[in-house]
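Protein chains: 2
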Amino acid sequence: MRNFNLTPSRRVRRTPFSDRVERAGVEAYTVYNHMLLPTAFQSAEADYHHLKRHVQVWDVSCQRQIEVRGRDASRLLQMLTPRDLRSMMPGRCYYTPMVDETGGMLNDPVTVKLAEDRYWISIADSDLLFWVKGLAYGFRLEVDITEPDVSPLAVQGPQAEELMSRVFGASVREIRFFRFSRLPFQGQELVVARSGYSKQGGFEIYLEPAELAEPLWDALMTKGADLQVKAGCPNLIERIEAQLLSYGNDMTRENTPQECGLGRFCDTLTAIGCVGRDALLRTAMEGPVRQIRSLAVEGDPVAPCLDPWPLFAPGTTTQVGQVTSAAWSPDFNTNVAIGMVQLSHWTGGTQVEAETPDGRRTSIVQNSAFIQ
Amino acid sequence: MRNFNLTPSRRVRRTPFSDRVERAGVEAYTVYNHMLLPTAFQSAEADYHHLKRHVQVWDVSCQRQIEVRGRDASRLLQMLTPRDLRSMMPGRCYYTPMVDETGGMLNDPVTVKLAEDRYWISIADSDLLFWVKGLAYGFRLEVDITEPDVSPLAVQGPQAEELMSRVFGASVREIRFFRFSRLPFQGQELVVARSGYSKQGGFEIYLEPAELAEPLWDALMTKGADLQVKAGCPNLIERIEAQLLSYGNDMTRENTPQECGLGRFCDTLTAIGCVGRDALLRTAMEGPVRQIRSLAVEGDPVAPCLDPWPLFAPGTTTQVGQVTSAAWSPDFNTNVAIGMVQLSHWTGGTQVEAETPDGRRTSIVQNSAFIQ
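Top line first, the protein sequences correspond to chains A and B. According to my numbering, the first sequence is numbered sequentially starting from 9. According to my numbering, the second sequence is numbered sequentially starting from 9.
In case anyone wonders, no lab produced these hints; they're calculated from the structure. In this text, all values refer to a predicted model and were calculated from it rather than measured experimentally. Cβ coordinates follow ideal geometry from the N, Cα and C atoms, glycine included. Among the hints, erroneous ones may be present.
Facing chain A, according to a computed beta carbon distance under 10 Å, are these residues of chain B, among others [unchecked claim]: (1) 13; (2) 46; (3) 136; (4) 137; (5) 139; (6) 143; (7) 147.
Covered stretches of chain B, going by a simulated chain A footprint (3 or more residues, C-beta under 8 Å) [said to hold, decoys possible]: (8) 15-24; (9) 107-117; (10) 313-322.
Could you put the whole structure together from the sequences, leaning on the hints where they help?
And the structure:
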């Protein structure tokens with residue numbers, strides 16, 4: 009496939025960081041929640057090496073927040089997810105598969121509990137707000153539901169903690185994984201969580217107001233100069249190696265959380281009130297018949313995966329799954345991939361064949377992600 | 009702004025026509041309903057002249073269909089829109105503003121009534137499916153709600169009827185505006201409506217199954233060769249001249265249908281059951297205080313409108329509206345624009361100032377669209 013330009017318009021929203029991102033030399037974008045998301049600065053491969061060695065600043069404003077506030081906020085949140093939220097304390101972030109009444113995935117956000125009656129749902133690429141509003145209206149819940157102008161900025165990489173401590177102070181080091189603190193920056197308190205869409209460690213700063221965007225960006229760049237900080241973005245190669253799923257790529261409404269390997273985030277027995285609970289109880293008991301797996305696709309670097317690539321039992325036309333994300337991994341010296349594989353072939357070490365744009369490729373199902 | 013590449017992935021879905029679109033020389037895309045939408049072939053201006061003189065074939069697969077089927081389908085449809093659907097007959101297409109409980113626009117689809125208990129909602133750029141499913145679940149309605157694999161192909165331009173009659177037969181000529189017929193193509197019956205996102209006349213073919221996509225594209229191209237048929241796409245210049253609104257550009261959840269100038273599609277008194285009716289009753293009585301207007305922005309061709317441009321009372325810092333779409337119009341020899349203008353300044357002929365990226369421009373509010 010040739011390269012195509014992305015036509016700009018208001019509908020494809022810019023972010024408070026877009027001017028800085030473009031000055032930093034962004035090469036390509038995708039559109040995510042009707043907003044620009046950078047996809048490459050130097051190149052996916054150069055960005056990947058840098059992310060694993062140094063520290064990067066990522067404009068992930070497209071992780072929009074749905075704010076749910078009010079007397080019924082906790083009830084509504086539990087309706088959305090099969091994860092049991094009863095013991096969730098303010099200050100915590102939970103990865104929360106969200107499902108419809110059939111158990112189909114609608115989004116896989118991080119839920120941030122700001123207070124007993126106030127949450128942010130930090131969403132992947134779907135207008136989950138519409139579902140949340142529909143349920144709240146249908147059940148006459150006492151909640152306000154809004155999209156506040158909060159623009160997350162991620163700081164990722166092995167030097168992330170060092171850089172963050174220079175900007176926000178040493179207390180950043182005390183923040184535990186998937187917890188947040190409110191830390192001062194230029195007279196405002198920002199929500200800062202230890203989280204992010206990589207396995208290299210790091211933080212996400214939930215920026216508001218937007219006026220602080222460029223001062224924050226500039227502070228990170230200035231104080232990280234000797235750490236070789238650079239602008240970056242979620243990296244396709246690293247996220248596939250780490251089996252970090254992408255909603256719309258690796259899973260859709262067609263899939264249950266169990267199929268997505270997210271069963272550990274489902275407390276189907278105790279998540280009373282989840283609208284998908286009835287549908288998921290059976291799956292939880294019997295287990296899924298297909299599931300997300302990492303795969304190694306042999307041979308030369310593959311083309312990007314634009315449509316799912318069917319997986320076949322070797323030498324046959326029997327389809328046993330599909331690949332939905334793939335990229336060449338310099339560190340593992342093979343193509344790494346994420347796919348949905350049927351029970352009959354999902355055991356680690358099983359050989360299958362992926363139908364790539366340039367023909368069938370022998371592929372090996374992995375026991376686990378390439379990086380854990 | 010520089011040009012940026014769009015990074016391909018499965019999440020940004022290709023359409024059954026994408027291979028043909030690329031072979032036809034598409035230059036740029038946008039992303040619309042998580043799907044590729046072409047934005048230019050030769051250039052917006054060359055495409056514009058061709059559209060107004062000849063006939064074009066547009067891949068508008070991104071106008072996804074929400075199918076609502078079942079005993080409560082009509083009840084659910086009326087919940088979604090303030091347009092009175094009681095007298096809508098099968099075979100009709102209605103432009104239907106869809107609103108939330110506050111009267112805020114969620115989408116502005118065309119609703120296609122296939123049968124008494126079966127509708128397609130042909131959507132603009134938002135996951136309206138989530139709202140429809142949320143309401144159906146909350147009210148325990150007896151409906152099935154799906155996104156069938158229907159890919160609309162538009163045939164637009166003054167020669168559209170001639171071309172369509174060559175492919176589908178003379179009965180195409182009998183289809184009235186915003187009505188549809190089922191017409192045979194290679195052994196299948198396709199829904200063919202007289203509609204489309206231009207003022208040049210034409211049709212939309214609701215293609216299914218996807219296997220017919222390339223045969224249909226090729227038939228239109230072959231039989232239209234002497235009509236100078238070309239691949240095209242919704243044209244920014246022409247749609248602004250015609251004041252065809254774009255959800256996400258010219259209107260958002262912040263706006264009521266009345267503000268969007270869509271009051272004629274609202275029967276607020278009789279649309280009993282519409283969830284936004286209570287909120288809209290007051291607006292319908294009192295009228296909005298700001299409304300969509302066409303504007304002429306003087307001077308040289310303007311840059312694309314990426315963020316709303318504030319409109320000011322001349323020589324002041326008093327904001328009286330904003331521009332959300334703008335382009336140079338060769339036929340009107342001025343920049344044409346769409347904006348939201350306050351009551352105090354919305355009368356045709358009023359002079360205001362638009363804050364464009366290269367400074368303030370005198371702008372004249374129009375009485376109506378440039379082309380009707």
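Outcome of the hint check:
1. 13: holds, 4 Å
2. 46: Hint holds; residue 46 (chain B) Cβ to chain A Cβ min 9 Å, cut 10 Å.
3. 136: Constraint on residue 136 (chain B) satisfied, holds at 7 Å.
4. 137: Given a least distance of 8 Å, the restraint on residue 137 (chain B) holds.
5. 139: holds, 4 Å
6. 143: holds, 5 Å
7. 147: holds, 6 Å
8. 15-24: It holds: at least three residues are needed, and the region 15-24 of chain B offers 7 whose Cβ sits within less than 8 Å of chain A.
9. 107-117: holds (count 3)
10. 313-322: Three-residue rule met by the region 313-322 of chain B, so holds; n is 4.
Figure legend: structure checked against the earlier numbered hints; every hint is met.
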